[in-house]
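Trainee: Protein sequences appear in the order of chains V and W. Residue numbering for the first sequence follows this note's numbering, beginning at 10 and increasing consecutively. Residue numbering for the second sequence follows this note's numbering, beginning at 10 and increasing consecutively.
Check the hints yourself; a few may be wrong.
Since copy identity is lost for identical chains, a pair holds within one copy or between any two.
[To be verified] In the PhoX-like style, the derived pairs of lysine-lysine whose C-alpha atoms are separated by at most 25 angstroms in a straight line are:
1. K529 to K98
2. K511 to K73
3. K544 to K493
4. K73 to K509
5. K529 to K472
6. K377 to K264
7. K110 to K509
8. K521 to K264
9. K478 to K98
10. K101 to K521
11. K478 to K68
12. K68 to K110
13. K133 to K509
14. K387 to K472
15. K251 to K193
16. K133 to K521
What the hints contain is simulated information worked out from the structure, not anything from laboratory work. Keep in mind that this is a model prediction, so the values were computed, not measured.
Spelled out, the chains give:
Number of protein chains: 2
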Amino acid sequence: MRFSRLLIPTTKETPNDATLASHIFLIRGGFIQSVGGSGLYNFLPLGKKVLDKVRAVVKEELDKAGCQEVSLSFVTPASLWQESGRFEKYGKELLRFKDRKNNDFILGPTHEEMMVNLVRQTVKSYKQLPLNLYQINLKFRDEIRPRFGLMRGREFLMKDGYSFHTSQEDMKREFDLMEETYKKIFTRLGLEFKVVEADSGAIGGSGSKEFMVLADSGEDTIVVCDNCEYGANIEAAVRQEKPCDAEAPEALFAKFHTPDTTTIEALSAFFHVDPYYLVKTVAKKALYDEGRTEVVLFALRGSDELQEVKACNAVGANDLADISEEELEAAGLVAGYMGPTVVPEGVRVVLDSNLRDASNMICGANEKEYHLVGNSFKGVEADYHDLVAVQEGDLCPHCGSPLRYTKGIEAGHIFQLGTQYSEPMGATFLDENGKAQPMVMGTYGIGVSRLLAAIIEQNHDDKGCIWTKASAPFDLQLIVSNIKDEAQVALGEELYETLKAKGFDVLFDERKDRFGAKMKDYELLGVPHAIVIGKKLQDGLVEFVTREGLVKEEVSPDEILTVVEQKV
Amino acid sequence: MRFSRLLIPTTKETPNDATLASHIFLIRGGFIQSVGGSGLYNFLPLGKKVLDKVRAVVKEELDKAGCQEVSLSFVTPASLWQESGRFEKYGKELLRFKDRKNNDFILGPTHEEMMVNLVRQTVKSYKQLPLNLYQINLKFRDEIRPRFGLMRGREFLMKDGYSFHTSQEDMKREFDLMEETYKKIFTRLGLEFKVVEADSGAIGGSGSKEFMVLADSGEDTIVVCDNCEYGANIEAAVRQEKPCDAEAPEALFAKFHTPDTTTIEALSAFFHVDPYYLVKTVAKKALYDEGRTEVVLFALRGSDELQEVKACNAVGANDLADISEEELEAAGLVAGYMGPTVVPEGVRVVLDSNLRDASNMICGANEKEYHLVGNSFKGVEADYHDLVAVQEGDLCPHCGSPLRYTKGIEAGHIFQLGTQYSEPMGATFLDENGKAQPMVMGTYGIGVSRLLAAIIEQNHDDKGCIWTKASAPFDLQLIVSNIKDEAQVALGEELYETLKAKGFDVLFDERKDRFGAKMKDYELLGVPHAIVIGKKLQDGLVEFVTREGLVKEEVSPDEILTVVEQKV
Chain V
10 MRFSRLLIPT
20 TKETPNDATL
30 ASHIFLIRGG
40 FIQSVGGSGL
50 YNFLPLGKKV
60 LDKVRAVVKE
70 ELDKAGCQEV
80 SLSFVTPASL
90 WQESGRFEKY
100 GKELLRFKDR
110 KNNDFILGPT
120 HEEMMVNLVR
130 QTVKSYKQLP
140 LNLYQINLKF
150 RDEIRPRFGL
160 MRGREFLMKD
170 GYSFHTSQED
180 MKREFDLMEE
190 TYKKIFTRLG
200 LEFKVVEADS
210 GAIGGSGSKE
220 FMVLADSGED
230 TIVVCDNCEY
240 GANIEAAVRQ
250 EKPCDAEAPE
260 ALFAKFHTPD
270 TTTIEALSAF
280 FHVDPYYLVK
290 TVAKKALYDE
300 GRTEVVLFAL
310 RGSDELQEVK
320 ACNAVGANDL
330 ADISEEELEA
340 AGLVAGYMGP
350 TVVPEGVRVV
360 LDSNLRDASN
370 MICGANEKEY
380 HLVGNSFKGV
390 EADYHDLVAV
400 QEGDLCPHCG
410 SPLRYTKGIE
420 AGHIFQLGTQ
430 YSEPMGATFL
440 DENGKAQPMV
450 MGTYGIGVSR
460 LLAAIIEQNH
470 DDKGCIWTKA
480 SAPFDLQLIV
490 SNIKDEAQVA
500 LGEELYETLK
510 AKGFDVLFDE
520 RKDRFGAKMK
530 DYELLGVPHA
540 IVIGKKLQDG
550 LVEFVTREGL
560 VKEEVSPDEI
570 LTVVEQKV
Chain W
10 MRFSRLLIPT
20 TKETPNDATL
30 ASHIFLIRGG
40 FIQSVGGSGL
50 YNFLPLGKKV
60 LDKVRAVVKE
70 ELDKAGCQEV
80 SLSFVTPASL
90 WQESGRFEKY
100 GKELLRFKDR
110 KNNDFILGPT
120 HEEMMVNLVR
130 QTVKSYKQLP
140 LNLYQINLKF
150 RDEIRPRFGL
160 MRGREFLMKD
170 GYSFHTSQED
180 MKREFDLMEE
190 TYKKIFTRLG
200 LEFKVVEADS
210 GAIGGSGSKE
220 FMVLADSGED
230 TIVVCDNCEY
240 GANIEAAVRQ
250 EKPCDAEAPE
260 ALFAKFHTPD
270 TTTIEALSAF
280 FHVDPYYLVK
290 TVAKKALYDE
300 GRTEVVLFAL
310 RGSDELQEVK
320 ACNAVGANDL
330 ADISEEELEA
340 AGLVAGYMGP
350 TVVPEGVRVV
360 LDSNLRDASN
370 MICGANEKEY
380 HLVGNSFKGV
390 EADYHDLVAV
400 QEGDLCPHCG
410 SPLRYTKGIE
420 AGHIFQLGTQ
430 YSEPMGATFL
440 DENGKAQPMV
450 MGTYGIGVSR
460 LLAAIIEQNH
470 DDKGCIWTKA
480 SAPFDLQLIV
490 SNIKDEAQVA
500 LGEELYETLK
510 AKGFDVLFDE
520 RKDRFGAKMK
530 DYELLGVPHA
540 IVIGKKLQDG
550 LVEFVTREGL
560 VKEEVSPDEI
570 LTVVEQKV
């Protein structure tokens, strides 16, 4: 296509609110346009082209895997969400509104209810299962703070797929197939990514994996092993058991006067004891549905850190909030001297699994300036959960090598859902014995518009975008340096026609602008390769440019087609 | 694809609310699914496939014509609609809502404001014009009475395009190009259609054309000439001047006592005069912005009928409502005896253009049981407009042949918009002299999801759908009659692989069901052709079926590929 005929409004101005490279370059390159700065974006012609290419890769691989594309209504009757219980539970990110007849609707932030409703009306028998339906459609989440451009917008394009099965085993088979399919998609898109164990939310279970596009700017911390395949979101990461060489503080159970020892460090110094033998007790306010709250003490070894998402899941809360000194006092707790063994009524206690059967532990007495020594948890029945935040250097649960942190952008998430929606919504099938059973479900998402941002986060330099082959808006940019030079223009037109005839998708920059401006646009737009026809044409040379590293090669016009066919 | 692996939930049950063939068969064929019966629809796998095929035809032809595809945010800040003035003006079909921060938004029923906003931020110079941008995206209109399935849903898929120009002439050139492009689209889709002059709304002017898919069930009445190309929506249709042979009631101006003559018939009988010489006076209540109303008298010849849309446009109202006897009385009007010459203060009068310079007219005296004779409109300055509903048999304005009514489904609309949006929203460009000018706009729409309904309205029989070649979900259906017959299955599998390899998109019905059920599904789904492998295979014959007319041909298996290549 001819550059002069396309709307590609490149600009030197960096948007005020932009800090991420993808946000800056997608706007500056005229791929997208912010609508009123409120997390809404228009896709301009080049952005739409990239979006379509990414979307096509996603669709092709899903169709090959036997998934069927549908398209669900974006506007969703609230009644479906009332059936599942999410109309009330879901936070303010759920955009609720009323139509002219005063009926309640929502803009779908996800479509579990809609898809379950579709399937319960159309599938009756085990003979019709399994089934994997997906769509690539709009979603809306009323984010309190939309930011980072396409990374966290309010309206966005998502692939959401849902599978339906007669058994847990068959769902697991499809889950694995989707993992393989997603790997193919991200690989075809030219992304460096890692599949990691993910937090499964309040549902529990280990059946959730995230596809993380590796990038320093990623919002997610992921724990990886360099020796084996293990990787997990920090929210779900586990480690090998971590023993301690230091001597245990053997003592009979007793109360000790411990003035001014309100931290693990102080307590460790006071008793000359490794923090491994101290109990760290963290108080939080757990938030539940309908405004219900509860004070919870999370107790773990002093050598470990609390992972808040794990803690939140452990009590099945919607969120955990910090607790004020006044609230602590009101609950009968003594700040700096709390412990899990002496606890006022009404306060819930959760113990980290590492405390199971621990002995010789020192913990707060819930009394100002007092700790208890000689605590033993041997045989103690309690509410044990994994609460620990894995640290760099902790050992891989699979191979024992040291673990490392890295950053990732969540671009996909696959999830073993079970019967969480099919049961309340009555999506059942008749099994071989004619008995009604709830369908077992899996769910699989890809942030399609977010992928544009993720690709650029991983592939850019200080000049602009560097699109991967499968995502690039064009295969090749053809730049005529000086449009007044007839020889340059003649060769440009000839090459343009020849390349098009050979099936290359070419952006032909035949604008009147200065050469410098054209090169700046090339660097900003990030098409993987370019041919530059410039002054040296009189010496029988044109330039073949590779955007990555801006590598330039001088080639004779006779050879340029061969070079293109080899490298593009 | 294999039928057994696809979700095609065909059913014998006709939905309660369905009267149109397209509504019934699209639901019964499992193409679409109603969501809560409120004008919202899910597209199931087959419906999505047809939608994609239609969409691809639309996109291909637009891209060929130089249009550029974009994708605009569906959720639209109300501020843009406040700029254009439509936030207040647009009726309740505009879905307005507030986000969590209490800002106003709408769900776009159309995207003029959004597109003008896009362009005013990116186009500054005449050098960047002309520009034709389009999208194929969701729209939402909160219809008071959504009905007829995809014909009048609330959420629907639309292609909306907008062009921007430096002059009226250039816009007209693009308008003509879009007319040609739309003709190509509807022709490729295999539709019988008519391009007709359309009502341009309150804006006036003749710059609006509709693309009507001809079908008896169409909601629009269109006036066509069988002798020439003329066609127009009844709301915009005109005719040759209609003279009258009957003798004129020549009389001096006088008031006559005319008891019990409140209708044109009675008045015609009373005076023994052709209705041509009587004035028909119709009172309406015109509704304007912000609840303002006005009583209007529309006067036309007694031989003509009032066309309400024309009448509404004549006074620039949002709508016309019937008026009650009490309201008439309150306005000082006498029902049955109204006329345009004696009118109480505060009542507006609009005269049909056919009354210009008319003489010897009889009209009501606005006094019970009295009419006025000898009225002349010669040289009378008044508010004249075309108010007449063209009748069947009226003469074509172009060639003088008799006009005929037919019914159509509006599937496309192109519109010369001018500067209606660019002026209030400040979308200007700098012309060659560096002077800011408002951009001249055109706008072009196609109801993409509605097209599915229109195709079926035009192409169905009492058994089901008959898709056109370009819109069909598959090229061919391959039906094995008895899945227990090994020879039938073997030939089916072989043909399926061969046909796929030759590039045909085949629906292979290899289900265990009875043959009768499979044929019923075939007829309902409406794939243009089928191969049936049945009992006669033992005599060396298979059947080639054409869905239109259900024509069946017996062919030997050796010849079937040749037949398919010729006819599919």
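Trainee: Determine which of the earlier numbered hints do not hold for this structure and return their numbers in increasing order.
Mentor: 1, 7, 8, 9, 10, 12, 13, 14, 15
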